[in-house]
Amino acid sequence: MSKLNTYREGPDETGHFDIYGGRYVAETLMPLILEVQEAWDKAKNDVAYWDEFNRYMKHYVGRPSPLYLAERLTDHFGGAKVYFKRDELNHTGAHKINNTIGQILLAKRMGKGRIIAETGAGQHGVATATVCALFGLPCVVYMGETDVKRQRPNVVRMKMLGAEIVPVTAGTGTLKDAMNEALRDWVSNVEDTFYIIGTAAGPHPYPAMVRDFQCVIGNETKEQMMEMEGRLPDTCIAAIGGGSNAIGLFHPFLDDDSVNLIGVEAAGHGIETGEHCASLNGGRPGVLHGNRTYLLQTEDGQIVDGHSISAGLDYPGIGPEHSWLRDTGRVNYVSITDKEALEAFQLCTKKEGIIPALEPSHALAHVAKIAPDLPKDHLIVMNLCGRGDKDVDAVAGYLGMD
Amino acid sequence: MTTESRPETRITRKFAALKAEGRAGLVTFLTAGDPTPEASEDILLGIAEAGADLIEIGMPFSDPMADGPAIQASSLRALKAGMTLPKTLEIVRSFRKKDDDTPIILMGYFNPIYIYGVDRFLTDAREAGIDGLIVVDLPPEEEGELCLPAIEAGLNFIYLTAPTTDDKRLPKVVKHASGFVYYVSITGITGTKSADAGQVGEAVARIRRHTDLPVAVGFGIKTPDQAAEIAKVADAAVVGSALVQVIADNRDENGAPLPGTKDKVLELVGALADGVRGARN
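Line by line, the protein sequences give chains W and Z.
Read left to right, the first sequence gives residues 19 to 420 (our numbering).
Read left to right, the second sequence gives residues 492 to 772 (our numbering).
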């Protein structure tokens, strides 16, 4: 594919990034999707809306998050200079809150009185329950039954924040089924409900809208790196489940040719085993949850469940813009196994005193692969998109700790 | 609207015949391959004789987002029993050997068709004897994917309209519709809430102001009485979850159909047909 003048103009007005994206939803939902789009088109061009968003980012979320030079890891790798974008320091402990603040402000403008969300690892559920508490709106979170069990601390947090948790047993009881169930709720409660989708996927305008909220990550990184190093980074790396933290970091750099962008998918037990969540590296294009994108599926077009040690990467699809960026070649997508992620988790904890979530541990594992062979003036930014408190029990189990 | 954009099929002929008879039709829905491919074929072969005027066959999908628990479960049973899109087409071929009149509509979600290949699917569907398609997650906004190619291939593409589809949007939805318009009588998923016949009557009248196509009503019709109420105000009543539930309730511990399952399903079809046929007397 020939090089484009800009990679930042998508999607087109029908919500497509080339063949990806779109609005593949039932007619009952279509008027709602159009209503959200209309409200979003107005809000995104309204200075007052962004002023409010920025005020919450600064005083409630705690932004800007630091850009931190991880000196001990840099020494350890002995090559490139490794920076962490510290989005795990945000209120609620991950990048998810950037998006939920943005969407609840939109829901408020639209006069919607009830919020629903899906969650996998529970980070998006917590971020949604948090903003619902903040704005005094009732909140229902759909969560696969399997995830309810393996992410108990987040379930407790959501309940304390006043959210109703609905364990989803339909299908296979994981994130994709939680999303199906949230869509069913939305179809059944069209008048008063706003659906806060947790990643840059789903029907248009969600992929673009969520990206625009998460771009705060990349925009800050750009400014901070200019301040600290006087130039742009050479490589940006982020983990990808649905891909919202990655698109937020990458998008502001898409037209900076010198910046190498790398998305890290979850290879689970290894792509060759079939037990992974690497939609781009191990799936093919299909249509699910309102958009066309790369999906894990059978030869008959049935969606299959992925496997990852990280519940937050455990989704059989990926945001449509990533599918497009893959096909254009602008972003390079690699994968990391459970085992490699666990090693990176421990390395970060011991060398930097930061317990990362298992999701960014995948990104760090790729940093560990490439940093040693890069020159000392090569600048890497890795998005440390979530903290690992939620994962300590699971990791202790994997490591056989008491 | 030009005539070639509205293919003539067994569906259009059936609705013309129903109109001449002065009655509404019964549309039945069952999932292909539920509870097993063999049992499913056996039930479908008897369903027209039992009183179904038009037959909807569900193409099982792993993630049926617009469906309630009954049809979700039927989809999973069928997939577990090894159902695939090629096998669904095979059932239709068997049916056509016996019955060349009753219209067959395939209903489902886009991904399995997309993966099968749109052109190949349309060729094979037409050759198998399918008359129309309902693809839940292809609204008019994505009509280029399958609706327009289906019309080109001589199949009816049936659009859903919902209570949320207002007068401003209706013209867009019915623009390329053919065969009939399917009114989803509730804001919700299949087989959950039940519609109020009075409101349905108003909604059908509203749709008729935008199109001369027949209007079938579905989602939430479970009993012969409910079907009869709908048959008074619409051109057809669609029943799915209630039939699928009979299959769900008549399986042994291994999921195989109990003896007599077919008779029980066909008995309900017969009762629904009686309700629909007697509605306007």
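Keep in mind the hints are simulated off the structure, nothing from the lab.
Errors might be hidden in some of the hints.
[To be verified] Calculated lysine-lysine pairs in the DSS-like style (CA-CA distance at most 27 Å, straight line):
hint: 1; chain 1: Z; residue 1: Lys713; chain 2: Z; residue 2: Lys659
hint: 2; chain 1: Z; residue 1: Lys755; chain 2: W; residue 2: Lys60
hint: 3; chain 1: W; residue 1: Lys21; chain 2: W; residue 2: Lys240
hint: 4; chain 1: W; residue 1: Lys130; chain 2: Z; residue 2: Lys713
hint: 5; chain 1: Z; residue 1: Lys659; chain 2: W; residue 2: Lys126
hint: 6; chain 1: W; residue 1: Lys62; chain 2: Z; residue 2: Lys589
[Said to hold, decoys possible] Per the computed footprint, the stretches of chain W lying under chain Z, defined by three or more beta-carbons under 8 Å from a beta-carbon of chain Z, are:
hint: 7; stretch: 88-94
hint: 8; stretch: 232-245
hint: 9; stretch: 303-309
[As the list claims (entries may be wrong)] Listed below are several chain Z residues computed to face chain W (Cβ distance under 7 Å; list not exhaustive):
hint: 10; residue: Ala557
hint: 11; residue: Asp592
hint: 12; residue: Tyr605
hint: 13; residue: Thr656
hint: 14; residue: Asn741
All of these numbers come straight from a predicted model, not from anything done at the bench.
Every residue, glycine too, gets a C-beta built ideally from N, C-alpha and C.
Structure-based check of each hint:
Distance restraint check for Lys713(Z) and Lys659(Z): the Cα-Cα separation of roughly 31 Å exceeds the 27 Å cut-off, and the hinted pair is therefore not satisfied. Restraint check for Lys755(Z) and Lys60(W): the C-alpha separation of about 55 Å exceeds 27 Å, so the hint is violated. Restraint check for Lys21(W) and Lys240(W): satisfied, since their Cα atoms lie roughly 23 Å apart, inside the 27 Å limit. Simply put, Lys130(W) and Lys713(Z) have alpha-carbon atoms about 32 Å apart, too far for the 27 Å limit, and the pair is violated.
Between the alpha carbons of Lys659(Z) and Lys126(W) the distance comes to roughly 25 Å, so the proposed pair stays at or under 27 Å and holds. Straight-line distance between C-alpha atoms of Lys62(W) and Lys589(Z) comes to about 59 Å, which puts the hinted pair past the 27 Å bound. A count of 0 residues in the stretch 88-94 of chain W with a Cβ less than 8 Å from any Cβ of chain Z is obtained; the coverage claim is therefore unmet, three being the minimum. With a cut-off of 8 Å between beta carbons, the stretch 232-245 of chain W has 0 residues touching chain Z; three or more are needed, and the interface restraint is violated.
With 5 residues having a Cβ less than 8 Å from any Cβ of chain Z, the stretch 303-309 of chain W passes the three-residue criterion, so the hint holds. Proximity of Ala557(Z) to chain W holds as hinted, the smallest CB-CB distance being about 4 Å (cut-off 7 Å). Taking 7 Å as the C-beta contact cut-off toward chain W, the hint placing Asp592(Z) at the interface is violated, the least distance being around 30 Å. Taking 7 Å as the C-beta cut-off, the interface hint given for Tyr605(Z) holds, the closest approach to chain W being about 6 Å.
Below 7 Å, beta-carbon pairs count as interface contacts, and Thr656(Z) has one with chain W at about 6 Å; its hint therefore holds. Annotation: interface hint on Asn741(Z) violated; nearest CB of chain W at approximately 22 Å, more than 7 Å.
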